[in-house]
Amino acid sequence: MTIDATKRELLVSGAAVAGMAIASGVTLVAPASARNAGEPASNKVRWGLLIDSNKCDTGCDECVIACKTENGWQGQDRPTTDPQWIRKVNLKDNKTGATHSLPVMCQHCENPPCVDVCPTGASMQRADGIVLVNRHTCIGCRYCMLACPYKARSFVHEDVTGQKPHMPRGKGTVESCTLCAHRIDVGGTPACVEACSTKAGKEAIMFGDLNDPESDIAKELSKHVTTRLRADLGLKPGVHYRGI
Amino acid sequence: MHHYKIILGVLLIVLVGFAISSVQAKHGNIPLPHPAKATGGDQCVEPNDIMRRNHMTYLMHQRDETVIEGIRGKKYSLQQCINCHATVDPEVQESKVRTIKPFCAECHSYAAVKIDCFACHNPALPLEKISDTPLSKMIAAHLIEAGDSK
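Protein chains in written order, with the numbering used here: chain A, 1 to 244; chain B, 245 to 394.
You may find that some hints are simply not true.
[To be verified] Here are a few chain B residues that sit away from chain A, every Cβ distance over 12 Å (derived from the structure):
id, residue
1, Gly253
2, Asp286
3, Arg296
4, Thr310
[Stated by the list, open to error] Here are a few chain A residues that face chain B, going by a calculated C-beta distance under 10 Å:
id, residue
5, Arg35
6, Pro40
7, Asp77
8, Val104
9, Asp128
10, Val160
11, Thr161
12, Gly162
13, His166
14, Pro168
15, Gly170
16, Ala181
17, His182
18, Ala200
19, Gly201
By construction, these hints were calculated from the structure, which means they are not laboratory data.
The beta-carbon is built from N, C-alpha and C at its ideal position, and this holds for glycine as well.
Sequences and hints are given; from them, build the entire structure.
Listed below in structure tokens is the structure:
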């Protein structure tokens, strides 16, 4: 009983705090994602994705196209060395013959092995859980590429020109999905998420704050059982999959 | 015998002195850098003499703050350098873009400093971006000015 009472008190006091936030009118007006200029990423937030493979079409690659356009990477028909930040993976159950498809990108692990192995600290995790390569200190050793079980990272083998102003890229460094940090930092959503709902009309990818119980993604995660790729490795990816 | 040594010594000193003075003369002939005027406004984020001495420190801090901590929209940024200091260079993409490279190279080649910012960062801005934004209006005004001066 006492435990229950304590729980109740906690809940009530929590509600009071939420009420105050509403009264002040600051917490509700600004979306959780919008940060002021000059403010660093916060560890109160944990960005993640929820990918519903049931909604994802085998032939559709709008998310990949959107990522290429947004971040300015493209293949040059050299599959062994071309960069690849996001790719579509088609799965087939050999017994039943059923197929489905899902996008795979950097899983933004809570315990990222790419960060563990980096000799210079260039492979890093931001306070809000986004795993990045700091190209200023990357020496291109590619240990992180070996460490990543999701094959999420690419090495830039060739000279790059015409980069997007928000996404500098250059030969001799490793790169991967940044969860569109440049968009998130100004209150936006990743390009793949946007393209999946606007271009493909599928809404198979959901983006949000996993730490905020009121966010759409957290509500959806609490409703349905989801899978994280290679959950047995204990890396705690920020990307959740449904239907695999 | 001693005279011979003294004469040789004096000759050596004269020769070395001549060599040094000729190097100095050459050095003096190298023109001082005159970087192009910025297209965006009259005043940089700091006074010119402070920018000339400290811009690399500001940029180094800014790049770490942005990439590692996710801080954006602060006073110093390489993108802002490009926005204001990129100029049309006939040698780069047939003047279809503005590029900051000549502006940086002006002093860096004088001081023999090699930077590699632009191995990854795009030094150029497309001209077709010109629309109604204040910056693009400034660029347009600058282009007209540059055309007049020719």
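- Message: So, against the hints stated earlier in the document, which numbers end up violated here?
- Response: Of the numbered hints given earlier, those the structure breaks are 4, 7, 8, 18, 19, listed in rising order.
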